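Engineer: Protein chains in written order, with the numbering used here: chain A, 1 to 200; chain B, 1001 to 1556.
These are computed hints drawn from the structure, not numbers from a lab. Nothing here was measured: the structure is a model prediction, and the numbers come from that model. Hints may be right or wrong, so weigh each one.
Coverage of chain A stretches by chain B, computed from C-beta distances (three or more under 8 Å per stretch; other residues unrestricted) [said to hold, decoys possible]:
1) 26-35
2) 42-51
3) 54-61
4) 148-162
One-sided excerpt, in silico: chain B residues whose CB lies under 7 Å from chain A [said to hold, decoys possible]:
5) I1179
6) K1194
7) Q1197
8) L1214
9) V1218
10) V1231
11) G1240
12) A1341
13) L1343
A few chain A positions that, by computed beta-carbon distances, are all more than 12 Å from chain B [said to hold, decoys possible]:
14) T39
15) P67
16) L77
17) R85
18) R100
19) Q116
20) M117
21) L127
22) T128
23) I196
Each residue gets a CB set at the ideal place from its N, CA and C atoms; glycine is no exception.
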Amino acid sequence: MTTLTNVNHDSDQHGAENHEHADHRLFGLATFLVADGMTFAGFFVAYLTFRAVNPLLPDAVYELELPLPTLNTVLLLVSSATFHRAGQALKRDQAEKCQRWLLLSAGLGLAFLVSQMVEYFTLPFGLTDNLYASTFYAVTGFHGLHVTLGALMILIVWWQSRSPGGRITSQNPFPLEAAELYWHFVDGIWVILFIIFYLL
Amino acid sequence: MTIAIPPTSNKKSDQLQPNGWLRYFSFSLDHKVIGLQYLVCGFIFYLIGGLLGSAIRVELASPISDFMARDVYNQVLTLHGTVMIFLWIVPVVNGAFGNYLIPFYVGARDMAFPRLNAVAFWMIPPAGLLLISSYFITGAAQSGWTAYPPLSLTTPAAGQILWILSVLFLGGSSIFGGINFIATILKLRRPGLKLMQLPMYCWAMLGTSILVVLSTPVLAGTLILLSFDIVVHTGFFNPGLGGNAVVYQHLFWFYSHPAVYIMVLPAFGLVSEILPVHCRKPLFGYTSMVYSIMAICVLGLVVWAHHMFTSGTPPWMRLFFTIATSFIAVPTGIKFFNWLATLWGGRISLNSAVLFSCGFIVNFVLGGITGVMLAQVPFDIHVHDTYFVVAHFHYVVYGGSVFVIFASIYHWYPKFTGRMLNENLGRFHFLLTFIGFNLCFAPQHWLGLNGMPRRVAEYDPQFTFINQLSSAGALLMAISTLPFLWNVVQSAFNGPIAGDNPWRALTPEWLTSSPPPVENWNGEAPLVTEPYGYGVPKEQLDKTGTSNSDHRSSGQ
C-alpha cells in the first residue's frame, strides 16, 4: 500500500506556497522574452542572408517607402514612454491618471497597427511575389501579431486598473509591469526591424 | 505503518486535485507528479519509437524493399526519429528527472512556476498523438526528422504540416520547461545554498535550459517559415522560387545541434549524481565539471555547420566549424576523465545503475571519438549521409542518453515508489541492452565507411550480412525491454520496501521519505552543502554549516 498512492493528502498547498517566496514572474517573463527575441533574431539573420546571397529574380518588385514606417516607429516609441508614465502613476496610487496613460498607449499601439495595414495595402508587392517580399510580410506580420497581443494586454490592464474594483493596484502591480516589459520588448524589436528592413 | 496526519486541509482543493493514482492523469501542479508524468509518457513513446525502429531493421534485413512500401518506410523513418528525439529523450532527460530532482536539489518545495510546469507537460501528449495519428489520417511526414527543403516541400503536404505543428508544440513545451528550470535554479535556492554547492545535475540543467531558451525559438521560427512555403507557396527555402534551402539548414542546425547537448548534458549530470553514490567517493573535479558544462554550452551554439560540410559551405566556414567542433572534445574529455577518476579506487557496488552508467561511459566515448572524426572535413565528406553518421548518432543518443535514462530509473526508482527493483532482472536487462545495442550499431560504422547511404529501404546486396547482424542486435534491444517492463511493474507492487535512503546517499532528495510527501519535506528543507561528501569523516561533514569546499573537488 505504500507504492504510488499514499503520498497525496492535500495536493493544493501551492496556492499558499506562492505567497511564501519572492515573486519570480518578471524574471520568468524576461527569460521568455529572450526566447522570443531569438525567434526574431533567426528571422533577421535569414533576411540578411537572403539579401547577401540571393539576388532578386529579374522581374521582381521590392521597394519600401520610408515615411509611414518612420511614423510607426515614432508611434511605438511614444507609446513606450506613455506606458512608463502609466506605471509611475500606478506607483503613486493615481489610478485615473494611470488609466489615461494606458488608454493612450493602447491607442498608439492600435494606430501603429492601422498604419501598418495601410502600408500593407499600398505596397506594390504581395506575400508570395518574391523572396524579399515574403520575408518582409512574414517578419513584420509576426511583429504585428506581437503588437496586437500587446495592445490587447494593455486594454486588459487598463480595465483592471480602474479604481475601485480593479485588481491592479500599487500593491499588485505585476500585470502592469509584465505588460510594460513586454511592450518595451516589442518596441525594441521594431527598432531593430526598422533598421534592418527599411534603412539597410 | 504510520500515516502522517495531513495538516488541516482545504476541502475544496482536495476535490479539485485528485488523490491516489488518478493524480497522474490530472493537471497536477506537484513537480514530482509532473516528473513521473513526463517519465511514463516518454517511455510509452519510447516503446512506439522502438517499434518503428524495429520495423526499419526488419525492412533492412534484406536488401530489397519487401517489408513495407517505400513511402511507408520514409514515414516510419521520419516518425522514428521525431518520436525518439522530441517525445522520448528530450522530455525525459530534461522534463522527467529535471522536474523530479531540481526542486529537491535547490531545497525548494516546488518549481518556480508550477502551473506553467503542468502546461508544459500537457502540451506533450496532444503533440505526440498529433504526430502518430498523422500516419493514419493523411500519411506521416516523409522527409526525415530534419525536414530539409526542398524534400519537405515535394513530399505530401498534409503529413508535413502536422509534423511541423507537432514539433512546434513540443518546442513550446521545451521552452516553458527551460524557463522554469532557469528560474528555479537561479532564484529558488534555499537560503544559504551557494551555486557552487549545487549537485552537478543542477548545473547540467542550467546549461541545457540556456541552450533550450536560446536555440529552440529559432527552430520554431524556421518551421513557421517552412509551413508558409508548404501552405501558401512562398519561396523562403525553395530555390525554384528564388529562395535558399541552405538558410533552412543553418537555422535548423542552429537548434538541432544544441539539441544533441540538450539530450546529452542532462545525462552527464545524472551520471555525475549516480556514480559518487555507488562508488562511495566524492565526484572528482566538481569545479572543472561545472566549467566543462558551461564550455560545452557556449561551444555547442557555434558548431552547427559541421552538419553542412557538403552543403556548399565556403572554406573559411568549414575551417571555423571544424576547429570549434574539435574543441568540444576538450570539455567532454574532462568530464569523461572525471567520471573515471570518480570510479578509480572507489568501493563500487556493481548494481544495475552503475552498470548502465559504465555502459554509458564506454558507448559515449566511442560516439565522441566518431564525432571528432566527423568534424574533420575530408573524412566527413567521405561518410556524409552514410550509415557511419547513423552509428555515431545512435552511440551518442542511445549509448549516451538512453543508457543514462535507464541508469537513472534504477537509481531513483526507490525514491519514486518507495520500493526496490529486482537487481538480477536489472543486470539481465543491462546485459541484453548493452550487447544488443553494440551489435546493432557497431557494424553500421563499417557499412557507412563502405558507402551504404542512410535513409533508404534498399541497398547493395554486398551489405546484406552486416545488416542482418545489425537487425539481430535490434531484436535483442527489443527483447531487452521486456525484463525491464516486468521489473518496474511488478516491483511497484511486490518489491522490497526501500526505506528513505537505500543507497545511503547524501544528495537532498534522499533526506526525505520515499516517496516524498507533497511539498517535499516533512519540516524545513535541509541545507546540503556537501552533496558528494562520501568518505569524508563525519565530524568534518557538517550538513547545516557552511561549505567545506576542500572536500568537494579533492577526489579523496
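Engineer: Check, residue by residue, whether the region 148-162 of chain A contains three or more positions whose beta-carbon lies closer than 8 Å to a beta-carbon of chain B, and give the verdict.
Structural biologist: Not satisfied, violated; 0 residues make the cut.
Engineer: Any Cβ of chain B at or closer than 12 Å to M117(A), or is the non-interface label fine?
Structural biologist: Check passes; 19 Å lies beyond 12 Å.
Engineer: Determine whether the non-interface label on I196(A) survives the test: each CB of chain B must be over 12 Å from its CB.
Structural biologist: holds (15 Å)
Engineer: Any CB of chain A closer than 7 Å to the CB of V1231(B)?
Structural biologist: violated (11 Å)
Engineer: Counting residues of the region 54-61 of chain A with a beta carbon closer than 8 Å to any beta carbon of chain B, are there 3 or more?
Structural biologist: holds (count 4)
Engineer: Would the non-interface assignment of R100(A) survive a Cβ cutoff of 12 Å against chain B?
Structural biologist: Per Cβ check, R100(A) is outside 12 Å of chain B; nearest 33 Å; holds.
Engineer: Take a quick look at L127(A) and tell me if its Cβ sits farther than 12 Å from every Cβ on chain B, holds or violated.
Structural biologist: Answer for L127(A): violated, closest chain B Cβ roughly 6 Å.
Engineer: Does the closest beta carbon of chain A sit nearer than 7 Å to the beta carbon of V1218(B)?
Structural biologist: At about 4 Å, which falls below the 7 Å cut-off, the nearest Cβ of chain A leaves the hint on V1218(B) intact, so it holds.
Engineer: Was the hint right that K1194(B) lines chain A, CB cutoff 7 Å?
Structural biologist: violated (18 Å)
Engineer: With 7 Å as the cut and Cβ atoms as the points, is L1343(B) at the interface with chain A?
Structural biologist: violated (33 Å)
Engineer: For the region 26-35 of chain A, does the count of residues with a C-beta closer than 8 Å to a C-beta of chain B reach 3?
Structural biologist: holds (count 6)
Engineer: Does the claim that L77(A) lies off the interface hold, with its Cβ farther than 12 Å from every Cβ of chain B?
Structural biologist: Holds, because the least Cβ-Cβ distance between L77(A) and chain B comes to about 25 Å, which exceeds 12 Å.
Violated hints, listed in ascending order, are 4, 6, 7, 10, 11, 12, 13, 14, 21 and 22; each of the other numbered hints is respected by the structure.
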